[in-house]
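**Student:** Chains as they are written, first to last, in this note's numbering: chain L, 1 to 337; chain A, 1 to 337.
Read the hints as simulated data drawn from the structure, not as lab findings. Any given hint might turn out to be false.
To give a feel for the contact side, a few chain A residues facing chain L, derived at Cβ under 7 Å [claimed, not checked]:
#1 I23
#2 D26
#3 V30
#4 S53
#5 I55
#6 D73
#7 A76
#8 G119
#9 R124
#10 S125
#11 S129
#12 T143
Pairwise CB distance ranges (calculated) [stated by the list, open to error]:
#13 L:E93 / A:D210: 34 to 44 Å
#14 L:I177 / A:A35: 50 to 60 Å
#15 L:G293 / A:D150: 56 to 66 Å
#16 A:N294 / L:P21: 51 to 61 Å
#17 L:E54 / A:E54: 45 to 55 Å
Derived pair list, reagent style DMTMM-like, types lysine to aspartate or glutamate, alpha-carbon separation capped at 25 Å [what the hints assert, rightly or not]:
#18 A:K190 / A:E265
#19 A:K49 / L:E152
#20 L:K37 / A:D22
#21 L:K13 / L:E93
#22 L:K190 / L:D228
#23 L:K37 / A:E36
#24 L:K319 / L:E261
#25 L:K255 / L:D228
#26 A:K37 / L:D224
#27 A:K49 / L:E93
#28 A:K185 / A:D61
#29 A:K49 / L:E54
#30 L:K49 / A:D228
#31 L:K255 / L:D224
#32 A:K13 / L:D310
#33 A:K37 / L:E36
#34 A:K13 / L:E54
#35 L:K49 / A:E8
#36 A:K13 / A:D61
#37 L:K190 / L:D224
#38 L:K49 / A:E5
#39 L:K49 / A:E54
#40 A:K13 / L:D316
Even glycine gets a Cβ: it sits at the ideal position worked out from N, Cα and C.
Below, each chain spelled out in residue letters.
2 protein chains.
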Amino acid sequence: MQVKEIGEQGLLKILQRFCPPDIIGDDGAVLTTAAEKSLVVTTDVLIDKVHFSEITTSPEDVGWRAAAANLSDLAAMGATPLGITVGLGLPGETSVDWVEKLYQGMTQCLQQYNTPIVGGDIVRSPIISVAITAFGQVAPRLTIRRNQADLEDAIVITGYHGASRGGLELLLNPDLITNLSEDQKLILIKAHQRPKPRLDILPILWEIVDSHSLTNICGMDSSDGLADAILQVCHSSQVGAKIQATQIPLHPGMKPWLTPEQALEYALYGGEDFELLLCLPKPAASELVQKLGNGAAIIGTITNTSGDRDQVLLHDSSKETPDQVLNLSRGFQHFTN
Amino acid sequence: MQVKEIGEQGLLKILQRFCPPDIIGDDGAVLTTAAEKSLVVTTDVLIDKVHFSEITTSPEDVGWRAAAANLSDLAAMGATPLGITVGLGLPGETSVDWVEKLYQGMTQCLQQYNTPIVGGDIVRSPIISVAITAFGQVAPRLTIRRNQADLEDAIVITGYHGASRGGLELLLNPDLITNLSEDQKLILIKAHQRPKPRLDILPILWEIVDSHSLTNICGMDSSDGLADAILQVCHSSQVGAKIQATQIPLHPGMKPWLTPEQALEYALYGGEDFELLLCLPKPAASELVQKLGNGAAIIGTITNTSGDRDQVLLHDSSKETPDQVLNLSRGFQHFTN
Numbered sequence: 001m002q003v004k005e006i007g008e009q010g011l012l013k014i015l016q017r018f019c020p021p022d023i024i025g026d027d028g029a030v031l032t033t034a035a036e037k038s039l040v041v042t043t044d045v046l047i048d049k050v051h052f053s054e055i056t057t058s059p060e061d062v063g064w065r066a067a068a069a070n071l072s073d074l075a076a077m078g079a080t081p082l083g084i085t086v087g088l089g090l091p092g093e094t095s096v097d098w099v100e101k102l103y104q105g106m107t108q109c110l111q112q113y114n115t116p117i118v119g120g121d122i123v124r125s126p127i128i129s130v131a132i133t134a135f136g137q138v139a140p141r142l143t144i145r146r147n148q149a150d151l152e153d154a155i156v157i158t159g160y161h162g163a164s165r166g167g168l169e170l171l172l173n174p175d176l177i178t179n180l181s182e183d184q185k186l187i188l189i190k191a192h193q194r195p196k197p198r199l200d201i202l203p204i205l206w207e208i209v210d211s212h213s214l215t216n217i218c219g220m221d222s223s224d225g226l227a228d229a230i231l232q233v234c235h236s237s238q239v240g241a242k243i244q245a246t247q248i249p250l251h252p253g254m255k256p257w258l259t260p261e262q263a264l265e266y267a268l269y270g271g272e273d274f275e276l277l278l279c280l281p282k283p284a285a286s287e288l289v290q291k292l293g294n295g296a297a298i299i300g301t302i303t304n305t306s307g308d309r310d311q312v313l314l315h316d317s318s319k320e321t322p323d324q325v326l327n328l329s330r331g332f333q334h335f336t337n
Numbered sequence: 001m002q003v004k005e006i007g008e009q010g011l012l013k014i015l016q017r018f019c020p021p022d023i024i025g026d027d028g029a030v031l032t033t034a035a036e037k038s039l040v041v042t043t044d045v046l047i048d049k050v051h052f053s054e055i056t057t058s059p060e061d062v063g064w065r066a067a068a069a070n071l072s073d074l075a076a077m078g079a080t081p082l083g084i085t086v087g088l089g090l091p092g093e094t095s096v097d098w099v100e101k102l103y104q105g106m107t108q109c110l111q112q113y114n115t116p117i118v119g120g121d122i123v124r125s126p127i128i129s130v131a132i133t134a135f136g137q138v139a140p141r142l143t144i145r146r147n148q149a150d151l152e153d154a155i156v157i158t159g160y161h162g163a164s165r166g167g168l169e170l171l172l173n174p175d176l177i178t179n180l181s182e183d184q185k186l187i188l189i190k191a192h193q194r195p196k197p198r199l200d201i202l203p204i205l206w207e208i209v210d211s212h213s214l215t216n217i218c219g220m221d222s223s224d225g226l227a228d229a230i231l232q233v234c235h236s237s238q239v240g241a242k243i244q245a246t247q248i249p250l251h252p253g254m255k256p257w258l259t260p261e262q263a264l265e266y267a268l269y270g271g272e273d274f275e276l277l278l279c280l281p282k283p284a285a286s287e288l289v290q291k292l293g294n295g296a297a298i299i300g301t302i303t304n305t306s307g308d309r310d311q312v313l314l315h316d317s318s319k320e321t322p323d324q325v326l327n328l329s330r331g332f333q334h335f336t337n
């Protein structure tokens, strides 16, 4: 059955099953927020054939990843989610089944974090587009910001990087990678298809903030790549950093089939890992890494470089090569390539 | 200059001029909300060639109307705006000038209501899409809902209906309408290109709610047409209504060139007038209409019809014809036509 056969109202009725019933039926959704918390808002747009392919990505995975990306942006601000809105552009020929599965994928992710879909819009469009806005709340003193890194802060990552990029490679070239168990393959593929926003970290972080009497928290998520996150934080905070390449944990599933150089490249530039990068005083950082385990690590230190203020150096103690200046030349801009 | 020549980052830098500087640079925007108020969220998606035409509508007007539609949804809930986010899908060939003018139109509208653009996303897309999510806040007891109409309530509209549709007709067929002054033409065209969300009504309404000790407010906006708004409110509230056709004020600019039947059709089915439809006890309704003036009127009464519970009858006291049952047959669904 195609969307144009049941019309906007017919599709809305089907999709309302995915929303809390008390929230539907007015021009807007009404939500209760906690007093003395700030509202955090973030938005993302996904376009068919640009950000996903209707052909190669299942609608459930598109939905999961879209929801996860927005929840990760909330986690990156230290905020707990209140809800999301979904704006869909759909060709009339889109199958109703595809749209339902998209919503199933979204709600599978959202339910793990008690986050409702509280509104949306469905319109006719020549291509599929999915615009999600997520909102959450955070106590002002616990807001995580990019511009708060201090000299000597330890740079923490909350888990492995590169696993999502590894999973994508396995999906693109399944026959090329032979020396990897099926279990390990599935773990990497799941890291790509079902990434988890690290909202679970926040309560642990809040405890450490209190016990170490921290007055600010610096960080962001690493959805655009670990290198990008380090550079963004340093640029916003007007500081430099020294990253220890050998301290970046490489996922066990990457070692059998990637050279150390390739694995490091995946970790730095792969993106879509949805971990957090945090800059904290060393004792707090150590405690956080110990409590998180599983790929969490201190990977470097905030410095004041003598040259450019926000220069980031990548040091590899396993080699005799000089420190590299980290940059985004391996990254991309959406319009120019 | 085209978007692809400066890339996403270049475009972001230009567009950040339209946002408050303290809100930019993190994964999400942080907003302060008032204690004891609820958060109201609403979202709209516009697609080039479906909801506007890049060729026939100026980018400033697209921006103004997109912002106005979302602020009108907030007004329809009784909420004052906190901010909006804008998700843009853009072909690389889009001119940077077009995007800047879109933002100029949005901010021209938003500034009249002290509403900042607090975030967004820009992505590559084969067609132009604009997804806006608006946030506002409302005291819970002042929330306007569709399902609160009571028997004997007076049905109030806050201004003229049909003017936007009239303006569209003048733009489509400028040479056909000769017996209308240039001033009158401009007023109708402006009603179409620069509709005003009725946030100005809220403080007046709140005063009346207090002085009449009202415990709930029923209503919505009439952006999808006056007939649609009446039917939606009656359906949500499970009541009927009797509308007096002769009580629906017709804009002075419509009389010289439209028959009374055409003008009534424009008023009921034209849409995009962004007025509010409110159901209030008669004394409160009369006071509101008197305070608003300028096209505001009581156009009917909430009834309990003997047949279908939510039947809406249109009575024309100037004719001998029997009452019509109001329906949306002149409306449309986005996917089926």
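**Student:** Determine for every hint whether it applies to the structure shown.
**Tutor:** Structure-based check of each hint:
Hint status for I23 of chain A: violated, given a least beta-carbon distance of 9 Å to chain L, over 7 Å. Checking D26 of chain A against chain L: minimum C-beta separation of about 5 Å stays under 7 Å; hint holds. Satisfaction of the interface hint for V30 of chain A is found here, the shortest Cβ-Cβ separation to chain L being roughly 5 Å, below the 7 Å cut-off. With a cut of 7 Å, the hint placing S53 of chain A at the interface with chain L is violated, because the nearest CB-to-CB distance is about 14 Å.
Interface restraint check: I55 of chain A against chain L, minimum CB-CB distance 16 Å, threshold 7 Å, status violated. Taking 7 Å as the C-beta cut-off, the interface hint given for D73 of chain A holds, the closest approach to chain L being about 4 Å. Of the supplied interface hints, the one on A76 of chain A holds, with its beta-carbon coming within about 4 Å of a beta-carbon of chain L, less than 7 Å. With its C-beta approaching chain L no nearer than about 6 Å, G119 of chain A sits inside the 7 Å limit, and its interface hint holds.
A least Cβ separation of about 5 Å between R124 of chain A and chain L falls short of the 7 Å threshold, and the interface hint therefore holds. Given the 7 Å rule on beta carbons, the hint for S125 of chain A holds: about 4 Å separates it from the nearest Cβ of chain L. A cut of 7 Å between beta carbons decides the hint on S129 of chain A: the least distance to chain L is about 5 Å, and the hint holds. Taking 7 Å as the C-beta cut-off, the interface hint given for T143 of chain A holds, the closest approach to chain L being about 6 Å.
Distance hint for E93 of chain L and D210 of chain A: a CB-CB separation of about 52 Å, inconsistent with the stated range 34 to 44 Å. Judged by the Cβ atoms, the range 50 to 60 Å given for I177 of chain L and A35 of chain A holds: they are separated by roughly 55 Å. For the pair G293 of chain L and D150 of chain A, the beta carbons lie near 59 Å from each other, so the given range of 56 to 66 Å is met. With their beta carbons about 39 Å apart, N294 of chain A and P21 of chain L fall outside the hinted range of 51 to 61 Å.
Checked against the hint of 45 to 55 Å, the C-beta distance between E54 of chain L and E54 of chain A comes to roughly 25 Å, which is inconsistent with it. For the proposed pair K190 of chain A and E265 of chain A, the alpha carbon gap of about 20 Å is at most 25 Å, so the pair holds. The straight-line distance between the Cα atoms of K49 of chain A and E152 of chain L is roughly 54 Å, outside the 25 Å bound, and the hint therefore fails. A hinted pair counts as satisfied when its Cα atoms are at most 25 Å apart, and K37 of chain L with D22 of chain A qualifies at roughly 18 Å.
Our distance criterion of 25 Å between C-alpha atoms is met by K13 of chain L and E93 of chain L, whose separation comes to about 18 Å. Annotation: proposed proximity of K190 of chain L to D228 of chain L holds, straight-line Cα distance about 23 Å (limit 25 Å). For the proposed pair K37 of chain L and E36 of chain A, the alpha carbon gap of about 11 Å is at most 25 Å, so the pair holds. The hinted pair formed by K319 of chain L and E261 of chain L meets the criterion: a straight-line CA distance of about 12 Å does not exceed 25 Å.
Between K255 of chain L and D228 of chain L the CA atoms are separated by roughly 23 Å; this keeps the pair inside 25 Å, and the hint holds. Between K37 of chain A and D224 of chain L, the direct Cα distance comes to roughly 35 Å. Violation of the 25 Å bound is thereby established for this hinted pair. Between K49 of chain A and E93 of chain L, the direct Cα distance comes to roughly 17 Å. Compliance with the 25 Å bound is thereby established for this hinted pair. About 17 Å separates the Cα atoms of K185 of chain A and D61 of chain A, which keeps this hinted pair within 25 Å; it holds.
Restraint check for K49 of chain A and E54 of chain L: the C-alpha separation of about 23 Å stays at or below 25 Å, so the hint holds. Between K49 of chain L and D228 of chain A the alpha-carbon distance is near 36 Å, which puts this suggested pair outside the 25 Å criterion. Distance hint between K255 of chain L and D224 of chain L is fulfilled; the C-alpha atoms sit about 23 Å from each other, no more than 25 Å. At most 25 Å may separate the alpha-carbon atoms for a hinted pair to count; K13 of chain A and D310 of chain L meet this at roughly 19 Å.
Distance restraint check for K37 of chain A and E36 of chain L: the Cα-Cα separation of roughly 11 Å lies within the 25 Å cut-off, and the hinted pair is therefore satisfied. Our distance criterion of 25 Å between C-alpha atoms is broken by K13 of chain A and E54 of chain L, whose separation comes to about 32 Å. Proposed proximity of K49 of chain L and E8 of chain A is supported: the alpha carbons are some 18 Å apart, at most 25 Å. This hinted pair checks out: K13 of chain A and D61 of chain A have alpha carbons roughly 23 Å apart, not beyond 25 Å.
A C-alpha spacing of about 18 Å is found between K190 of chain L and D224 of chain L, which places the hinted pair at or below 25 Å, so the restraint holds. With a C-alpha separation of about 21 Å, the suggested pairing of K49 of chain L with E5 of chain A holds against the 25 Å cut-off. Between K49 of chain L and E54 of chain A the alpha-carbon distance is near 23 Å, which keeps this suggested pair within the 25 Å criterion. The hinted pair formed by K13 of chain A and D316 of chain L fails the criterion: a straight-line CA distance of about 34 Å is larger than 25 Å.
Of the numbered hints listed earlier, those contradicted by the structure are 1, 4, 5, 13, 16, 17, 19, 26, 30, 34, 40.
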